[in-house]
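Each chain is listed here by its residues.
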Amino acid sequence: MLIQLQDIKKTYNMGSEKIHALNGVNLSISKNEYVAIMGSSGSGKSTLMNLLGCLDRATSGNYTLTGYDTTKLGAGALAKVRNEQIGFVFQSFELLPRLNAARNVELPLIYSKGNQWRSRRKRAKEVLDRVGLKDRMYHRPNQLSGGERQRVAIARALICQPSILLADEPTGNLDSKNSESIMALFDQLYNEGQTIIMVTHEENIAAFAKRIIRMKDGQIVSDESVNGGSVH
Amino acid sequence: MRKLFAAPLRFIIFIIQSIQLALGQIWANKMRSMLTTIGIIIGVASVTAVVAAMTGLKTKVLKEFESFGANSIYLTPRVPEEGRLKNAAMRLIQFKPSEFNGVLEHCESIEYFSRMGFTGQNVRKGQRSIQNVEITGIEPSWHKIEDRSVVMGRPFTIVDKNQTGRVCLITPDVRDKLYLDYDCIGQTIVVGGRTFTIVGVVDKRIESSMFGGSGESFEIYVPYQTAYKLWQPYTMLLAASKTPELANDARAELRFYMRRIKNLKPGDPDTFRIDVIQQVVNRFNQLSMVMTAVAAGIVGISLLVGGVGIMNIMLVSVSERTREIGLRKAVGARPAAILLQFLVEAVMLCLMGGLLGILFGQVFTMGISKIPNANLDLSYIPAWAVSVSFGFSALVGVTFGMFPAIKASQLDPIEALRHE
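Each protein sequence line maps, in turn, to chains A and B.
Everything in the first sequence is counted per numbering that gives the first Met the number 0, starting at 0 for the first residue and increasing by one.
Everything in the second sequence is counted per numbering that gives the first Met the number 0, starting at 0 for the first residue and increasing by one.
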């Protein structure tokens, strides 16, 4: 099992009031699944996403990622887990404007273990080729279209060969044509064996996934497999 | 072996990357970076210029001292202020020429010595005369101790000494005042009613405007034995140690010797005084070091003001780049990596300020060395001041960059990514 959540709770203190963003979530996701997490705003899907991405820690419960318990890890160790296991794709791309595509893609390698500084450019080239942007390597973000920018961001997410590709509303800032091409890319990556978890509130985007998890008030209300996928 | 070097190598590569990143950031905000570093530039420039001026002044003064001879030792009679010899007769305190006969034998650090006798006499040549000229009786060794070149004729020899000859050396001013020929060697003048033959012309004492020694210098030198026979002058001893470092040894040996000669008992204060130029030079060196440090310290306060400017701009930078920090954290940057990145940026800013500051300091220094009559013509920035300036700039960068860098490293990645 790639991901195992056991009775995960996340509580925020808003003054005297306690807000239960997640209220006892149990979830398992195995390797090479393609999962969409859906829900309205305030349903807890973003909180779940942050927890899965090790950007945040649960108030209680256990989160096991690739067999390791992440619950007790400190900030430095969590950074290492993010670097090695998780590739983030954000709604607003989050590319650094002064760096060209290749340099943006190389960014995670700067913080990763081992001396890959000689092979860095080669690996950036490979992943940019994988997302179909080989000829845009030395363009800056402002010289790229929205779809191309998101492809660069996906390439950056893939460069450390993460266990999970975690996408937060990946098409939220794109028109329908670019959205489709990004979803086609996700399909391609899934078929190549990549595990993908994406958060979205758009039904037609979620429809690309093989498993849809719906959330409400900090709890999972439905978990179904679609498009011939299977729930584990 | 590879494993052994992997961690430090990674760290070095990471530092190089941080420096690249910082330079890029500084370059991207050229105007702002420039304005921020002005405080550091002015601070470093003034510190280096002040140090340069102090160093120049010191060099100048030391040169003056050295013209007196760093290994020179002066022995003069002195009535003690207390003890049984407080009211001793002057003739007991005064030196007799024969008292110094054993100096070379008993003081092994002393290389040469010359008795010196001082008196004032009127000097005359035909109708022209000079009142109360400083007459100094010297021995041939004097020429080896005092750095006074004989520009014409010859110095005194052992023959002059042994024959108590009526010969003299004069300064060019005496020659001119008495309207002697330019080449006055062999001519005679009347000193204190006795006729002397001029055998040489000696340069006048090197004295600078700093010590008030300006104008004419009337000096006449005669063999000590001649002066002693004629005038019983006030006598002192000029000696030179073998090296400047031995000056203090020589002083101790001479003191021991003189106490025995003067029959002083244990507990009696000295009836003489020994001065060593090296001592004065050391004292001056200490003093000037303290003064330089104090002056540089006061001016260095302006560097702190520059540091506050750095802190301010780094805080702005952190706040502007909150999303970037969030992203870097999301892709795996540890807090320490973010801290280092911002710290390196602050240090780079300060070092650039330091570099420009040193350049401006050099310009200032060239400027002050041109100020007339200020005795600053030897001003220069010593190497240690350059390294201290750099070091201090880096320190200011670390000190004032630390708070913004800690702030950046502690940012919550989720909050940071949500930041507008």
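Hint data in this document are derived by calculation from the structure and do not stem from the laboratory.
Glycine included, each C-beta is placed from N, C-alpha and C at the ideal position.
Mixed in with the good hints, there may be bad ones.
Pairwise CB distance ranges (calculated) [claimed, not checked]: (1) A:Trp116 with B:Val307: 19 to 27 Å; (2) B:Ile12 with A:Asn226: 38 to 46 Å; (3) A:His19 with B:Asn28: 42 to 50 Å; (4) B:Met290 with A:Arg139: 54 to 62 Å; (5) A:Arg139 with B:Lys369: 49 to 57 Å; (6) A:Ser118 with B:Phe10: 18 to 26 Å; (7) A:Asp222 with B:Lys29: 17 to 25 Å.
Could you work out which earlier hints the structure fails to respect and list their numbers in ascending sequence? 1, 7
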